[in-house]
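2 protein chains.
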Amino acid sequence: MVAIGDELLNGRTRDANVYYLAGWLEERGVALQEVRFVADEEEAIVEAVNALRRRADIVFTSGGIGPTHDDITADAIGTAFGVPVAEREDSLAILEEWYAKKGEEVTDSRRRMARVPSGARLIANSISGAPGFAIENVYVMAGVPAIFEAMLAAADQEIQRGPTYTVYTVIGAGGESTIAEGLKAVESAIKGLKIGSYPGKSGTSGRLAIVCKAFDPALAVQGAKAVEGLFRAKGVDPETVEGFGPNLT
Amino acid sequence: MVAIGDELLNGRTRDANVYYLAGWLEERGVALQEVRFVADEEEAIVEAVNALRRRADIVFTSGGIGPTHDDITADAIGTAFGVPVAEREDSLAILEEWYAKKGEEVTDSRRRMARVPSGARLIANSISGAPGFAIENVYVMAGVPAIFEAMLAAADQEIQRGPTYTVYTVIGAGGESTIAEGLKAVESAIKGLKIGSYPGKSGTSGRLAIVCKAFDPALAVQGAKAVEGLFRAKGVDPETVEGFGPNLT
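Protein chains in written order, with the numbering used here: chain A, 576 to 824; chain B, 576 to 824.
Hints in this document: simulated from the structure, not taken from any laboratory.
A hint or two may mislead.
Which copy is meant is left open, because identical chains are indistinguishable; a pair holds if it fits in one copy or across any two.
[Unchecked claim] Taking lysine-lysine and the BS3-like style, the derived pairs with C-alpha atoms no more than 27 Å apart in a straight line are: (1) Lys677 - Lys759; (2) Lys677 - Lys809; (3) Lys776 - Lys677; (4) Lys676 - Lys766; (5) Lys676 - Lys809; (6) Lys800 - Lys676; (7) Lys776 - Lys676; (8) Lys769 - Lys809; (9) Lys677 - Lys766; (10) Lys800 - Lys677; (11) Lys769 - Lys677; (12) Lys759 - Lys776; (13) Lys766 - Lys776; (14) Lys766 - Lys809.
Remember, it's a predicted structure, so these values are computed and weren't measured experimentally.
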């Protein structure tokens, strides 16, 4: 994924789309490999998109496809693919219909949103009309979270699913180093099991969340039971929940 | 910045450190140029760190320096710089003192946290003891937000400050395209002024936040007044606040 926007880099906005996309892809059995945040600068966008589209099956971008002068993503994507960017009839028709329903006009700045790189497929936008687009394996979507999410839903049928993980989280008192030594042994012993260790606090005392995941549900259960055993050996009574469990702070 | 951790890419954890660092750097007049999120995999960490440390004055990393087997950041940084990673006496002494105060032992897994790349400077950790480290222009810090923030504070004196922006945000009713046409003209007319446009909603109606920033406070004020004029020309009564203003959702 490439998250585009000066506001993500200057402290104005806390990105929400990476987290949403990560969970959405996980549910579909697709691994998010890498994310880059870049400014609204053509060179930075082109470099990031070209680097990731060559190594990943799919690239998603967020941001920079609105009507204002700092929205340069469509042009940057055109540059990245070496194709022209021009207004398209079908995209303009969508804008005209959307604004006509609101009794508003397609101003020159709104009309900019009908410009897409040659060869792109449009992605429907049920929230604010102006479509996103996909070109080859790059999905170009809005940065406003509600619109990003709607466009992702619209593109869902094009996403090839993979096997999904079964996940259990075992939570217990103590710091990360309490059971660190046993975790490696458990992960080594159960082939196909992945373990993640996430320390945090509950009030003033340390809490630890251990995530056990595997494609085979039986292995995930087996891993969670082994981790429960590690906690109990330290005199801690753990709690196991399905899924990623709570984020400790 | 390089944010390291499988949990950021699989939907378990919503990163908080990028947003914190971005605002922290902005206050110090330092521009955050790019962020990459990578998994707990040596090759991915090495590639991202090496790419960014050559083009940026400073690189910050978060995550992967704890006591568990999936914490591989110190080794990856050693590989990135081509230097050995070994336990250091001063780092081990810090751990011993920290755990002695708590009446606990430095177990083998805790002891792993005393391993740092050759030539690194330690970064104090007032929250959980185990230090981060810096090597050349790369600052390697924990992923837990409270610890990340404490390490950033400890490294503060090494960060060279730049000129800071004065920022005003003008907020008014309407969608982004309402005044988009005027914004480009204002930005062109006032040299040194940067304008960002952030649409969102307030209840069910569209709201628009226009950020005006400049190194010269007078230009930021002049920009905000010009943007207020654009809103008023559309019959909208805008509100101006100092700083980045609220994030609309």
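Structure-based check of each hint:
| no. | hint | verdict |
| --- | --- | --- |
| 1 | Lys677 - Lys759 | between (59 Å within a copy, 25 Å between copies) |
| 2 | Lys677 - Lys809 | between (64 Å within a copy, 17 Å between copies) |
| 3 | Lys776 - Lys677 | between (50 Å within a copy, 16 Å between copies) |
| 4 | Lys676 - Lys766 | neither (57 Å within a copy, 39 Å between copies) |
| 5 | Lys676 - Lys809 | between (65 Å within a copy, 20 Å between copies) |
| 6 | Lys800 - Lys676 | neither (57 Å within a copy, 33 Å between copies) |
| 7 | Lys776 - Lys676 | between (51 Å within a copy, 19 Å between copies) |
| 8 | Lys769 - Lys809 | within (22 Å within a copy, 57 Å between copies) |
| 9 | Lys677 - Lys766 | neither (58 Å within a copy, 36 Å between copies) |
| 10 | Lys800 - Lys677 | neither (57 Å within a copy, 29 Å between copies) |
| 11 | Lys769 - Lys677 | neither (51 Å within a copy, 31 Å between copies) |
| 12 | Lys759 - Lys776 | within (23 Å within a copy, 48 Å between copies) |
| 13 | Lys766 - Lys776 | neither (31 Å within a copy, 49 Å between copies) |
| 14 | Lys766 - Lys809 | within (25 Å within a copy, 65 Å between copies) |
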